[in-house]
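**Q** Given next are the chains, with one letter for each unit.
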Amino acid sequence: MSSLTYIFKRLLMMIPTFFLVMIIIFLLVRLLPGDPAIAMAGDRASDADIQAIRERLGLTEPMLVQFWLFLSNTVQGDLGQSILMRTDVIDVIADRLPITVFLTIYSVALSLLIAGPLAFVAALNRGRWPDAVIRTVFQIGLSMPVFYIGLVLLTFLAAQLRLFPVGGYGDTFGERLYHLFLPSITVALYTSAIIMRNLRSAVIEVLDAEYVQFARAKGLPSRLVLGRHVLRNALISTVTLLGLSIGNLMSGTLVTETVFAVPGMGRLMLEAIFARDYPLIQGLTLTFAILVSFVFLMTDLFQSRLDPRMRLQ
Amino acid sequence: MSMEDQKPILEVNELNTTFHRNGRALPAVRDVSFSVARGEVLGLVGESGSGKSVTLRSIIGLARRYGDVTGQVRWKGSDLVAMPDRVLRHKQGREIAMIFQEPMTSLNPLLTVGLQLEESLRAHTDLQRKARHDRAVEMLDLVGIPSAAQRLKDYPHQFSGGMRQRVMIAIALAANPKLLLADEPTTALDVTIQAQILDLILRLAQDMDMGVVLVTHDLGVVAQTCDNLAVMYAGRIVEQGPVRDVLRAPGHPYTVGLMRSVPENLPPRTPLSSVPGVPPSLDALPTGCVFAPRCSSCIEPCLQDRPALTLITDRRQVACFNPVTNAKGNVA
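Chains as they are written, first to last, in the numbering used here: chain Z, 1 to 313; chain D, 1 to 332.
Chain Z extracted, bound-state conformation (with noise of 0.2 Å):
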């Protein structure tokens, strides 16, 4: 099978995910406590204001026609007004998006930068000091919230040795990377704990695979050995679950977002709760549910190029 009909499939696959996606967010709305027309109405509003609002927003009507309508409406690329920024939620959502898949992005190559090596020298090492120190800092890492290290950060390298920006996004690509360094780390510490751990002892154990005994039998030079037959063989359960640690991740951009004052699109969600912005919430968690997805499609295409036995299936 062609990668291409693999995708393909994959996407068609998605359609009745994304349909119990839709449920599910339609169903969220409507059953929160209060109703969302007086809650964005305010408390001065008149009871002729909120039925005004009620029927704008469709909520005199029948469940399923309120559904029928949020789907097609949906289908088109409309995802309504934001009551809160007084536009369009997918213009709001598309201003908001590439700072967010920048951030998300930047913590992952950030993780794998850490955890790779640092994984590879601990479990060449086991048993012994380098391990021994790795894990023991990573376990803390693990140990700690996230905002909590991320507040660590911003008080002593941004606030106090001016290191770095506390806040904001920057315009030009360098500038991104200086801007979004400690949310990106902040994110990378607690990611490349998981996988570390992982990457470790899947090394370990193909590190006495007998196709790895075979390899050092053949005399292969030593970084073609871990490089070739080790390395590819570990990242296979490593790739899964950091496709599973990236839609961790996402939610995870809530708190750091909030915390760095990145304008992303995990803020903008906290804001929208606050605000009780109904058609954003919406259209930030669908949106949230398609990167997902999109994440879990590259993971099982990644999987089966490392992989031939997956390409069959």
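Among the clues, some could well be false.
Unchecked claim - Pairwise CB distance ranges, derived in the manner of DEER restraints:
id	chain 1	residue 1	chain 2	residue 2	range
1	Z	Val152	D	Val278	56 to 62 Å
2	D	Lys153	Z	Leu20	38 to 44 Å
3	Z	Arg223	D	Arg74	46 to 52 Å
4	D	Lys153	Z	Leu301	45 to 51 Å
Think of the hints as simulated: they come from the structure by calculation, not from any bench.
Virtual Cβ for every residue (Gly too), placed ideally from N, Cα, C.
Keeping the supplied structure of chain Z fixed, place chain D upon it in accordance with the hints.
**A** Chain D alone, transformed into the frame defined by chain Z:
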């Protein structure tokens, strides 16, 4: 093959391999000495855990990553045990090759067999890409894989067990080694395939004038294929000599036991013979002869001292205080 007069290419002297687990020393191989000549096939026989496989891994330098290897492995005037990894690398695969028991797990599942063959050629020869490819096809062809050129692009899971073992042999022999260490190469295969693979190994060994150390627990295989035989028990060689002589008149009670446990020409429903008891745990070896607790000809000295391997005829050695003099096995 009569290779008695030829100078040995491999000489193993007093090889000791010790692993450490939870603070305890496990003597996996003790005082193992043997030699192999060009074109000679030496059978290394014993139960699971007797140290056969560790002996092979100690010779080719795989065991030292997991434990301490001492003694000497003389190869072309140098000692492989004392050789640093980066020098040893040019012997591994190029002069001494090893094949493993499990064809399912011994090939990297993520790489094409072509790549796994060519990387070996790349490490040990000056062949250019095209020449390496041609040699890879030639090797697959040599081990009997149909339409070799197309199959280079296939992955290990696309081959059957027997074919995979052929691929492993092709990879191991690609750089034209002079010694092949074969670690139970047919144990994991169907009985019908076993003979084919064994024949293949022996034919190639003969064609390439290669010495072979064949680890097996199958005395029938040894009788058919080997020139010399070494029987291992609890990390030690307890008997060795020319196959014919040993199998005709085994000296060590353990060898006798092994021979009796080969079911051959038995009427149906005859109870199978076996050596009573189990091999001792490596961290709790008996003080005397390691085989004494399971031995039927055990006498007083066996419990106090460990018998050394001594010559009983001009080319046969037995490590026993009370060797069997008139035993008959089923194999010889």
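**Q** So, for every hint listed, does it hold in this structure?
**A** Evaluated hints:
1. Z:Val152 x D:Val278: 56 to 62 Å: At roughly 59 Å between Cβ atoms, Val278 (chain D) and Val152 (chain Z) fall inside 56 to 62 Å, so the hint holds.
2. D:Lys153 x Z:Leu20: 38 to 44 Å: Hint holds: Cβ distance 41 Å, inside 38 to 44 Å.
3. Z:Arg223 x D:Arg74: 46 to 52 Å: Once the Cβ atoms are compared, 30 Å apart, the range 46 to 52 Å for Arg74 (chain D) and Arg223 (chain Z) is violated.
4. D:Lys153 x Z:Leu301: 45 to 51 Å: About 21 Å separates the Cβ atoms of Lys153 (chain D) and Leu301 (chain Z), which means 45 to 51 Å is violated.
Violated hints, listed in ascending order, are 3, 4; each of the other numbered hints is respected by the structure.
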